[in-house]
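Chemist: Going down the list, the protein sequences come from chains A, B and C. If you read the first sequence in the working numbering, its first letter stands for residue 1, the second for the next number, and so on. If you read the second sequence in the working numbering, its first letter stands for residue 1, the second for the next number, and so on. If you read the third sequence in the working numbering, its first letter stands for residue 1, the second for the next number, and so on.
Honestly, the hints are just simulated from the structure, not real lab data. Heads up, the beta-carbon is just placed ideally off N, CA and C, and yes, glycines get one too. Be aware that a few hints might be false.
Output of the computed footprint for chain C on chain B, the stretches with three or more beta carbons under 8 Å from beta carbons of chain C [stated by the list, open to error]:
1) 40 to 51
2) 64 to 74
Facing chain C, from chain B, some residues (calculated, C-beta under 7 Å) [unchecked claim]:
3) Val11
4) Asp22
5) Leu55
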Amino acid sequence: MTAQLLEGSAAIGEAMIAAGCRFFAGYPMTPFTEVLEHMAKRLPEVGGSCVNAESELEAVGMAWGAAATGTRSATGSTGQGLSLMQESIAEAAVAQVPLVILNMARAQGDYFQATRGGGHGDYRTPVLAPMDVAEAVVLVQRAFHLADEWRNPVLLFGDYYLAHTYSSVDVSPLDLGPLPPKDWALDGSSSGSGRARLVSPLGDTKRRDEPGYDLADFYTRAAAKTAAMVEGIERLADVGWCDDAELVVVAFGTAGKYVRYAVAQLREEGHRVGYVRPVTLFPFPDAAVREAAAGARLVAVYENNQGQMVDDVRLALEGSVPTRFIGRLSLDTSGFGIAPDYDVDVLRARIGGLLAEIGGGS
Amino acid sequence: MSGVPGVQATVTTRGHVVIDVDACKGCDLCIDACPPRVLVMTTHEVNATGYRYPLLLPGCTGCKACSQICPDFVFQVYKLAEPVEVPLESAP
Amino acid sequence: MTELRIQRVEGRRVLDTGAAPPGARLVDDFTPSLIDVGEHHLCPGCGEPIAMRSVLETIEELGVIQRSIGVFGIGCYTAFSNNLDVEVLQALHGRAPSLATGVKRAKPDTVVFTIQGDGDMVNEGLQEVIHTAARGERVTCIMLNNGVFGETGGHITATTVLGQRTKNTLEGRDGREHGYPIRLSTMLAELEGVAFVGRCAVNNAGNVARTRRMLRRAFEAQINDEGFSFVEILTMCPTGWFIDTHEAPDYLEQHLAATHAIGVLKDTAARNPAVGSEA
């Protein structure tokens, strides 16, 4: 396949289709709406189904049902809509349902919601945060792969910029390796066999000996499986110029792209500054952050919020390097996450201020 | 008719139920559901979990009303190969 | 000649019910074949296992077992969700119709049904079932309506009838204070996507048989691609009604069924005279 000029929402939609996603349900909400539009148009053309759900509660339920049949399925919204979905995301994780959920967020205030989960119980969801459309095309497909590999919901954290930037991208299906067979998936064929399948947040096997779920047994095994997933998932980070850096700047998503550019300019001018851009927000790339900051005198965290990922950076560093938050909530009047602060000169000024403070640079 | 001298009163029985006595929770639903009224609850006998349970009198038709209404799946219903006349008064 | 063994219990001459007489033909087994373990922890006199049996035996009769998937809500009946020889997708409280929608859209050849209570379907997830019906999803939603939250021990639901005493309407449901009951079947029958709506009960043998006929028609509507189908089954909850088990069938008739009237509310095809004539 060759590159085509696509809006981010369409590219994400095409990447889902390339990954084999054949069911999508959603409820319109800026800046997620265009992903839904694209899926509503395209899924029927490839033999799939897209339902214009009457609420986010129903959207995630429909995607859960379709995913339970082994069909690659997804839903999405912005953070507000994901708030409505949290009960289902929490339980779908325990029920081992491989769902993909898009958060086309407004700014970056949903970091805690995404990485901690707004739902109940002892569950976790992997979170992938692309910085641009090209990376999203890859990470969307990776999200489906991880969901199937670990039988767990996986979140993709995007934003207004990702949804609405046009880029020339190649949306070819990626071979991400073998996956376990979906022998748990429901299609009715095991009904009446004496071994009918069960997909449930209360237990994963039917008990033939006595009635009732054994919740102690199931929750304990589910917790062990979650722990194995957290250990097993490769933690991705984009790291640059950190070997001799006195200042390391950490940022994710679209903000990470701007920070990377500002740092590149400062490097060219001879400043000893590097950057880390976490790509898996959960599990957090602790080791990459620690290693990048090993020789630094200061670590700065830029986010378009009041400071959320900075907690994870501090946890990763375990106090080894002083850490400063240099972000803030930056919005235009729409509130959709268009940030006046996403400006290389603004970011350069903040990073440059820190360089002056620690006396680093040329 | 049992009062007529010299006539042995019988009741025609076309069906039979096997009762899983210990599965019963004594709810009485089968008693009213039974069209020929041949199920009666014990009055003081109880099963292993302490519930009264149904007894079967002659005259079952094998209609399945009891098994269809029992919440605890206590009944197994049979149709007899041929109707049986069960004497009402003779000793067992 | 078949012999029936007679024994004496409590002074009564009764038949020995320990075994089947020779030559007799089995017509109904203890536990329906699609239930793995017949034992359950539901209360004495509960109507839900009766309704479960009716649903499962209807699926068996229709010969669609190997295409069937049940989506369960949360309530006392959830005891059966890990206990059926039917594939089960366990949903959250109120959300089963959306999960059923996803299943059916992804696998259109399946026969999909939900099992939900009145608390699950009418309280927590009212919009789910209404939208699923309006979309005309080819699924069959089944509501076990006992007019009370049974699992929590007897609390008011959206279908609780006026005057009914519950743990949080101690003097009885007062419309002005607690609102009025929702007749969901009646609402659904209005919607264009709906092919069949029936309301029945399991309080006596006749109504159980009628429930079976309605279930059969509802599943046929799904299988024949006619539209959404819905069966509301009124069930006894003597524990949540605070009455003796043997009073529950009459209580259902006099209270629950007086507000939620039994009958076929809609049948767009009316192809089945046995059911259609009941309307």
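Chemist: Hint by hint, say whether it matches the structure.
Modeler: So, going through the hints one by one against the coordinates:
1. 40 to 51: Our answer is that it holds, as 6 residues pass the Cβ test (under 8 Å) against chain C, meeting three.
2. 64 to 74: holds (count 10)
3. Val11: This hint is violated: Val11/B lies away from chain C, its Cβ roughly 11 Å from the closest one there, beyond 7 Å.
4. Asp22: violated (10 Å)
5. Leu55: With Cβ-Cβ at 4 Å, under 7 Å, it holds.
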